[in-house]
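Chains as they are written, first to last, in our numbering: chain Z, 1 to 478; chain H, 1 to 82; chain U, 1 to 350.
These are calculated hints, taken from the structure and not from any lab test.
Among the clues, some could well be false.
What the hints assert, rightly or not - Derived BS3-like pairs (lysine-lysine); straight-line CA-CA distance at most 30 Å:
#	chain 1	residue 1	chain 2	residue 2
1	U	K343	Z	K380
2	Z	K455	U	K159
3	Z	K20	U	K203
4	U	K159	U	K232
5	U	K3	Z	K277
As the list claims (entries may be wrong) - These stretches of chain H come out as covered by chain Z in the derived footprint (C-beta under 8 Å, 3 or more residues):
#	stretch
6	7–20
7	74–80
The beta-carbon is built from N, C-alpha and C at its ideal position, and this holds for glycine as well.
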Amino acid sequence: MAQKTVLRKPKGFMDVYKHKPGTEKDRTHYCPGCGHGILHKLIAEALEDFAVIDKTILISPVGCSVFAYYYFDTGNFQAAHGRAPAVGTAVSRANPDSIVISYQGDGDLAAIGGNNILQAANRGENMVVFFVNNAIYGMTGGQMAPTTLEGQKTTTTPYGRNPLSDGYPMQMCELLNQLTAPVYITRTSLHDMANIRKTRQAVRKAIRYASEKKGFSFVEVLSMCPSGWKMDAVRAQQWIKEKMIPRFPLMVLRDNAENTGPIERPVPVLDPEEVKKVLGYDTFETTGFKKRPGTMFRKVALRVAGFGGQGIMSTGIALANVGMKYGYNVSWLPSYGPEMRGGTANCSVKIQEDSIGAAECTEPNMVIAMNQPSLEKFEKLLVPDGILIYNSTLIDVEPSRKDIRVCPVPITGIADELGDTRVQSMVSVGAFAAVTGMFDPEEIKSLMPTLFAGKSEKVRKLNEEAVQKGYDHVKRNF
Amino acid sequence: MNKQWEYPYPEIDPDICKGCKLCVAACPKNVLVISSKLNSKGFHYSEYVGEGCIGCGNCFYVCPEPSAVTVYLRNYVEGEVS
Amino acid sequence: MPKMLMKGNHAAVYGAALAGCEAYYGYPITPASEIAEAASAIFPKLGRTFLQAESEVAAINMVYGAAGAGKRVMTGSSGPGISLKQEGISYCAGSELPCVIVDIMRGGPGLGNIGPEQGDYYQVVKGGGHGNYRNIVLAPNSAQEMCDLTMLAFELADKYRNPVFVLTDGVIGQMMEAVELPEPVEKLPDKSSWAVMGNAETKNLINSIYLGHDDLEAWNRYLGEKYATIEKNEVRFEEYMMEDAEIVAIGYGSTSRVLQSAVDIVRGKGVKMGMLRLITLFPFPKERINVLPDRNVRGILTVEMSNGQLVDDVNLALRGKMISDLYNRMGGNVPSALEIVEKVSELYGV
C-alpha cells in the first residue's frame, strides 16, 4: 500500500448516500460526537486499503446503526433486531469468498441477539463482528442495555442500574472467549487518539482475517453516546476512560488466526446429471413384477400392530414396497402420536388398484397382530370376513369374533428358530403373501437388496429364509 | 478545492461539521478552534487557524463525520484528489 | 423415472434438492424433524448447505440471509416453530425475498400435541407476522405432491419474489407412498439485479425499511398489486367427482384424502357427492367456490382439522350465496371417512 498523501473520506463509503431519504445525502444521521461515525470511517478505510470493498457484505442491525447501509459502498443487508449473526451466517455460507461484516450495538448483540452471537461465534463463521458498546440503547431513547454500568441512570433505570434487579454489565468478549472457535477477540475504545489508532489496527486485522477466511473475529469497541449519556463528546470520552474501562478492560483476549487454515466451503452440485447420480437415480429399479392372477384382494387395508421392536413398521414398509413393485398404489402410515415412543406401535398399509384416499385403515380388511393387546384393539375394527393373522407364539387366547377368518402363525417362534427374532417382519411378509396370493415369495426375495440396502449378505439370506418360512407355514396349514 | 494553506493542513467542511469538538480536543498542536460562526444546521463548526498543522491525522480519525475533515499531508501533490 | 417409496417429509427434501435449493436451515421439532434429518443426509452429498440453527428465529433469519444472497433456500418446522419465525417471514415478505417454508402442522394452541392438525391455517394463510403481506401457500396431499409442490414452491417463490409455504400435516409428512422422482431443474434464475452476491455487480440492498409514510404506503400498494397478480394467476385446485355433484365437500391436505374415501362411499349409495380439493390456500380458489351454488349444488360441507378457520374463507368466497356447513376434528384426531359420511347423511338427508 502506497504511503497516503491525503486523508479523506474513504472509498469504502458511498460518494452520495443514495439510500438515505431526504436531501442530506452528504452526511450521516448520527448525533454530534457519536462513536459510530469514527468506527464506520475506520472500517471504510480498511475496505479501501485492502481493495475488498466490492466483495464485502455488511449486515446492519437494529439500533442507531440500523442505517449503516446508507453509508457503505458494499453489498448491504438490514437484519431484524439481534439477528445479524444469523443472517451473516447464511450470507457467508452462500458467498464463501465474500467478507461478511456484522455491525451491532449492545442491545442488539448482547440482549435480544445474545444467543445468535454466541452460536455464530461457536460455529466459527467466517465473519467479522463489530460490537459497539456504549452502555445504552441509543435509538430508542436511552434505555438500559445489557452493558449499562452498575448505578448508571438510563430512562429505564431512573434510579441507576441495580444489579439485584437488573443484573450486572455483560462482558461479551469474556463470554465469547469461553468458546473454542473464534480466532480473534479484542476490546478497544474510542476515548482518545492512541486508542482510536489501536481500534484502527484491530479493525484492519479483523478484516484481513476475514479476507483470508480465517473464521470468526469479534471486535468490541467502547464508544461514546453523547446524546444518551447527556454530555458533550469530549466529556463522553472521559466517561469511557473513567467509568467504562474499569468494567470493560481493554485487551486482546485472543489472536490465533495466524495458525488457522482458511475455511473452505463445499461447492454446490447443480448439474442435473450430477444431481441424479448423487441421488442414486440409476440405482432405483424402474421395472416391476406382473400382478398375479386370481388374487382374492382388489384392496388391502391392513393394520399391523404389536410391541415396539417387533418390526411392526418395517413389516408395513416392506409390504408397501413389494406392492409398489407389483404396480399397485400403496401407502404406509405409522401410528402417529406419543405411543410411537415406546409401548405399542401400529401402522396402516393400503395396497390397491384404485387411487388411495385416506391412508389410515379405520376399517381394515386385514390385521397382523403381533401381541395380545394389539389383537384386542384391532380385531374389533376388522370388517366382516376380514382376515386376522396373529402371532400364535405370544398370543394364546383365541380371537373372539366368529365373522372373520383367522390365521394363527407362530411368527416369533419361526424367527427364533431361524436364530434371530429380528426377522419377524419377513415371516409376516411371507405369511401375508401366502394368505393373499398377491405376491410370489421368490419375487419378494429378489427385492432383498432394496429392502435391506446396506445390510450384509448374511442378513439378506436370513430374511429370505424368513419370507419362505412364513409363506410355507400358511400354505401348509390353511 | 484549491490549496488554502501550506502542506500539511486540514480542510474542514463547515457545512458538514457538527461541532462536536472531538478534533479540537485531539489536535496536539491546538491549531483547531470552534468558530464563532454557525453553519446552516446551527452548529459552531471547527476550523483550522491556518498554520501549525503537522499532519498527524488525529482530526481526521477522530471525526465521526466521514466527509467533514480532509487532511492534505506533507507529500500531497496538488490535483491528486479533487 | 425412478419410483421410490418414501415419506412425505423426505419427498419434500428431494423436491428441494431437485429444485436447486442450495441451503437448508432448520431447528428440530416434531413432526417436522425428518425434513431436517433428510436434508442433513442429502444436502452435504450435493455440496449444499445444511445447518441446524440455534433456534427457529435464527433459522428463518438464515433463510433471509441466504435468500438475499440469491440462493434457493428452505426451512421446515411445525406450528410453534412457525409462530417463532413470523417476524423473519414478515422481513422476507417485506424485502421480497423468495424462500420456501415447509410447515408440518401439529395440534395447538400452546404446546398442544404432536398429532396432525390444520390449526396453522390462519397464521400461514393470512400472513401471520406483522404488516400487510401474504404468503403463497401450497397444500400437498400426498408424498408425490410433497416433492412436486416443493419444486413448484421454489419456482413461485422466485417468480414473485415471495415466501412460499408448503403447508401440510403430520399425516402427509409421515405417510410413505410411491414417489416418481422428476428431472432436476436445469437452470436457476438470474437474481443479480437485486441479490447481494459479494461482487461489484451486486452491491444491492436487502431491506424493508421505508421511513417516509407515503413511501411505505406506496410499497404496501405495490405488494398488494403483486398479491392480486398472484390471485389472478396461481389458483390451483383439484376436483373429484364434481361434474354432477349435488353435495360438495371442501378440504385440503390429509383431510382431502379422507374426503375422497367419503365421496366413494357416498357415491356407492347413489348420492351425487364430489370434492373440491384446495391446492393453493393463498391464492384461495374463491371464484371456483363462488360459482358452486350456481349449479344444482344443495350442500357444501367444509371439512377441516381446525376450528372453523377454513370454513371462514369458504363462506367469504360464497359471498352470501350459500352457507357452508362445517365438520371438523382437532387435537390430533383425523376425521374418518365414515364420520364424514354420517355427517353428510345427517345434514343432507341422504
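Hints, verified against the model:
Restraint check: the Cα-Cα separation between K343 (chain U) and K380 (chain Z) comes to about 23 Å, which is no more than 30 Å; the hinted pair holds. Only pairs whose Cα atoms come within 30 Å are accepted, and K455 (chain Z) paired with K159 (chain U) is rejected, the gap being roughly 44 Å. For the proposed pair K20 (chain Z) and K203 (chain U), the alpha carbon gap of about 16 Å is at most 30 Å, so the pair holds. Between K159 (chain U) and K232 (chain U) the alpha-carbon distance is near 14 Å, which keeps this suggested pair within the 30 Å criterion.
About 15 Å separates the Cα atoms of K3 (chain U) and K277 (chain Z), which keeps this hinted pair within 30 Å; it holds. Residues of the stretch 7–20 of chain H lying with their CB closer than 8 Å to a CB of chain Z number 4, which satisfies the three-residue condition for coverage. With 4 residues bearing a CB less than 8 Å from a CB of chain Z, the stretch 74–80 of chain H meets the requirement of three and the coverage assertion stands.
In terms of the numbered hints stated before, the structure departs from hint 2 and from no other.
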